[in-house]
Amino acid sequence: MNKSTIEHLKILASLFLLLALTTAVAFVPLGSWNWIPNLVLSVLMTGLIILFFMRVRYSAPLIWLTSVAGFVWLSLLLFLIILDYISRPWPQ
Amino acid sequence: MADNVSTSPEVLNFPFEEPAHQRETALFGMWVFLVTEVLFFGGMFTAYLVYRYSHLQAFLEAGRHQEWYLGALNTAVLMTSGFTMALAVQAARRGDRTWLLRLFTMTWLLGAAFLAIEGYEYHTKFVEHLVPGNGFAFTGSDPAAAQLFFVLYFTMTGMHMFHMFIGLMLILFFGLWTAGSTRPMHKPNCFEVLGLYWAFVDIVWLFLYPLFYLVNPS
Amino acid sequence: MSFQPLPYEDSTYAAPVDTIFVLLTTLCSVITLAIFAVIIFFCIRYRRGSSADRTPGPPKKEQKIMEYSWTIIPLVLFLFLFVWAADVYYNMFSPPADGIPIYVIGKQWMWKMEHPEGEREIDQLHIPVDRQIILTLTSQDVIHDFDVPAFRIKHDVLPGRYVRMWFKATKVGTYYLFCGQYCGALHSQMIGQIIVMTAADYAKWLDEAGATTSGSLAGEGSRYFHELGCSGCHENSKVVQAPSLAGIYGEPVPLESGQMVTADDDYLRDSILLPGKQIARGFQNIMPSYQGLVSEEQIVALIAYIRSERNTPAPTAGSTP
Amino acid sequence: MTTQPVHTLPPKNYLNAKETVASWFFTHDHKRIALLYLASITFFFFIGGIAAMLMRLELIHPRGYLFTSDTYNKLFTMHGVIMVWFFLIPAIPNVLGNFLLPLMIGAKDLAFPRLNLISWYVFMFGGLFAVASILFGGVDTGWTFYTPYSSTYSNGWVIAMAVGIFINGFSSIFTGLNFIVTTHKLRAPGMTWFRLPLFVWTLYSTSLIFVLATPVLAITLFLVALERLFGVGIFDPHLGGDPLLFQHLFWFYSHPAVYIMVLPAMGVVSELMAAFARKRIFGYNFIVYASLGIAFLGFLVWGHHMFVSGESIYAGMIFSLLSFFVAVPSAIKVFNWTATLYKGTITFDTPLLYALGFVALFTIGGMTGLMLASLAVDVHVTQTYFVVAHFHYIMVGGAVMAYLGGMHYWFPKITGRMYPETLARWSAVILFVGFNMTFFPQFILGYMGMPRRYHVYPEEFQMLNVISTLGTPLLGIGYMLPLGYLGWASFFGRIAGPNPWRAPGLEWQTSSPPPEHNFSAIPVVTTGPYAYDLLPDGSKSFTESDDGG
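So the protein sequences, as listed, match chains D, A, Z and H.
Every position in the first sequence, counted from 1, becomes a number in my numbering once 1174 is added.
Every position in the second sequence, counted from 1, becomes a number in my numbering once 39 is added.
Every position in the third sequence, counted from 1, becomes a number in my numbering once 115 is added.
Note that my numbering gives residue 335 to position 341 of the fourth sequence, counting from 1, and the numbers run on in steps of one.
With the rest of the complex left out, here is chain D:
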């Protein structure tokens, strides 16, 4: 096994670990707030996949930038839409 395969194996192991963790977290009684740690863990797993399985760690800065662009843009959309919903109750 070469170095790269070992690295991939380590990443897979970490992913399994995080999967177990996120599943466990869902059972912790946090009211309805489990989704926040769950999503944070999903973002972590995504980061691992992007960096290693998709080789971004070894790619040019342009690829780094592109790989986060979609997520940044999506968060703009989410942020401004959610802003409307949480401030929806009108002044009485």
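Hints listed in this document are in silico derivations from the structure and should not be mistaken for laboratory results.
Positions of the beta carbon are idealized from the N, C-alpha and C atoms, including for glycine.
Check before you lean on any hint, since a few could be wrong.
Computed list of chain H residues with no C-beta within reach of chain A, every gap over 10 Å [said to hold, decoys possible]:
(1) K12
(2) R50
(3) T416
(4) V423
A partial selection of chain Z residues facing chain A, derived with a Cβ cut-off under 10 Å [to be verified]:
(5) S372
(6) P390
(7) G391
(8) I394
(9) S404
Based on these hints, arrange chains A, Z and H on the given structure of chain D.
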């Protein structure tokens, strides 16, 4: 087995004159495409978050009907397939046809297993009358909002499965092409692009899993 | 109909909206005309073949100062207008406590108005001059839009939700009510009238129109309250399975989920149609949904009834779980 | 006195490199694909234009005797859908952009030539659905497809139309992807980012919007179609949905879409201003940052379409404030174009007339945009003819003017021949007058309160509607004339020579029409763009034929 590990000159498509330039461009192009995919799924994630915010109670009740262990199993299957795919891409880069085909087979089988598990889940939903539409039956505080949860569930996992299906077809196509050809592999970029696509499909699932299976697990 | 071109000022909003509009128009026109004048001047002066001086322009630093100044100065002016316009906007959709509450229900392709006294009108709304009118708007089908250009008010009328706005008409007359949001085939025929009357005329109109109605909106709501079976659980005298509704309107309600909501129109509407959505603390989700069983008019009447009971003190015994 | 140089067409160029019909339909040449797009969008433009003419005709009379309400509603939907997705959005990027991007950066083609062809086929396939849905009976939802009307109540062919636009979206995505990758990866040696012509910068910014916004529209229309098909209520309030979510997602695409139309138009105008003032563009860097700024800020202001829709009034305030900021980069551009004329050597050829027309109309459109961004004023004028006039000033007055200006300017490059100058100047003037006559009265109508999408209206509005309708024949002539004389000149015009405008851009350094692979050898770039002052001889002289004059 010397011919399996030969690095061969790539075929250059117009307007490229150097393999490295062609590779960089192809990969960058794929990454830009994945950006559009993020926003494509993003529209549905937005809908999910908005409705979860508006109908929290109903979403929690609907989440009860999801089998978290099936979701977890599927996540594990998909992660492993992502791993084998990443190795397959490495093999392709080395020009190692034997390992490429082995890893492609594994990836394909794992992908098919994922679809099978998902299909089983759809079947149970059908049996429990949780498929939105006329047959939908749900006892809870707000059946309409609960139906919304399942509409989103079917739409988003359905769209994800559609992407999986395309991926499987591509693996099959490239696999047969590699297996059938005795020429050295002259288009390694195809495999890398496919690898990126497959990894992206994994990533989508990493978000679907907590949002649909870990809402209110029992 | 007394519909005149600009400027007509027939509600309290007309003055500020028009003032902002005129200021904006002036500011924009001045900038636009200045740009046009400069362009025309340059075009003539530096046309090919003219003998104008073309030695290189100002040094780089001045160029930057110019760039910044023509960016920042107009921006500051416009931001001032932004604040002003935002203030008027906020005011439009923040109804005052006292005023004549009128319920408006839009449907393809007509407007139904309900007065607190029980009068109902189709495509017409009679109101007294110089009184605050508080509109609560909802739609039975698609999105409509309550648009009275003479009063400078407009808001979409959404199905499944109440929106509120208010205005005060300042001149007696008849004004157009348009549907401002495309709503289907006869969208452009969904036109009504707002008839603004003097206080005396309005009182007279109420009397005459009132002769044909069966009492106030709240009274009607009270009737539905009993007919539809609401009173079976929600009236104080009965076994306590459900919260009493007396005195609840406008008050905070603690929910099972630990949140607090205000018992406003939207909350009451949701509680009738989707009783399980927000369950009051200490009660169980046993109320059946009235979705499809009550019309928008009936809901409006029920809310008016509950609102009319707002000053009735809630019985203390009923609120223990 | 020198005699006019006699040019000949290059014997082998992209137009006659291969001559079979199949060589056009299976071409990978970006220049030929640009012409395929040109033919298609011209076709769609006239479909949309006919719908517009019929609408204006109907509006002459306040009771609308010509059409039923249903027909009128279908007409404005058809006009909107066709003009937005099948004409305005592809117009400049897919025709001029496709043709010029590789030429301007010194590349042989786009990065993915086959994808470029696929993009055209996808576009036509989407167009097929749109046209089919019109032929089978039409759609009456308006181009905005507001739910729940579109998803539940409308009886038209909404799904077919939504599918058409969904497919069309992928054409935009492929084009945007191709442009972004090409700009990053295929620039000629020495062509650094800040040596790129401004048109390339605006195409790049536009492509970012294509890639980042279009997928959201696609998925939104997909959800509408799904809801309509299965009756499951994603945006239907009776089933727990929220129609405002649709509006948010729709405008998240459709507001930036306005910048898809107008950004490349700005790029064209920057090229024209520099070329006809014989000067470097004023404040190149500012214009570059302004283009990127517009592309970015354009994503944050969609909520200003929803001030009275029921979105939170606090969200309304934030969107209003952001909308004021998006005016800044647009204003910077207008000021810079004006400053470019300063100390220039200006000739009033047709392209410059169009460019000046663009600046005038865009400025008016932009200024009225500021009025619409002001909350309380917006409440009064939104959803009235004021809005209609405003966006026609931006999208037709702005984008189409620039498109025609660009078509004239690069016409000799595309065909190798010149258009008839005098006729073209008149045509530009007629268009400008006709446009203002058609659309200026609509500002007043709007402030008086006439709602849009009304074909039966109170009599007070009639006078202004008649004036507006009287402008349309002029507008029609202004569009038909170029179609006629440009078509004629493509075959019979005077042969132009490689660089009739004596412009320094790379696209002028090759023959007209260019050879199949653009350049005989990849050029090496040593100067920034718009180096009119560095031109070897007679930089102040404009056209070659004027040399001795």
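Cross-check of the supplied hints:
1. Distance to chain A confirms K12 (chain H) as a non-interface residue, since its nearest Cβ pair spans about 15 Å, more than 10 Å.
2. Under the 10 Å C-beta cut-off, the non-interface status given to R50 (chain H) relative to chain A holds; the minimum distance is some 36 Å.
3. No Cβ of chain A approaches the Cβ of T416 (chain H) within 10 Å, the least distance being about 40 Å, so the stated non-interface status holds.
4. Its beta-carbon lying about 42 Å from the closest one in chain A, V423 (chain H) satisfies the requirement of being farther than 10 Å from that chain.
5. Among the interface hints, the one on S372 (chain Z) holds; its C-beta lies about 7 Å from the nearest C-beta in chain A, closer than the 10 Å criterion.
6. Because the beta carbon of P390 (chain Z) sits about 8 Å from the nearest beta carbon in chain A, less than 10 Å, this interface hint is met.
7. The restraint placing G391 (chain Z) at the interface with chain A holds, with a minimum CB-CB distance near 2 Å, inside the 10 Å limit.
8. Because the smallest distance between the Cβ of I394 (chain Z) and any Cβ of chain A comes to about 7 Å, under 10 Å, the interface hint for this residue holds.
9. For S404 (chain Z), the shortest C-beta to C-beta distance to chain A is roughly 8 Å, which falls under 10 Å, so the interface hint holds.
Figure legend: structure checked against the earlier numbered hints; every hint is met.
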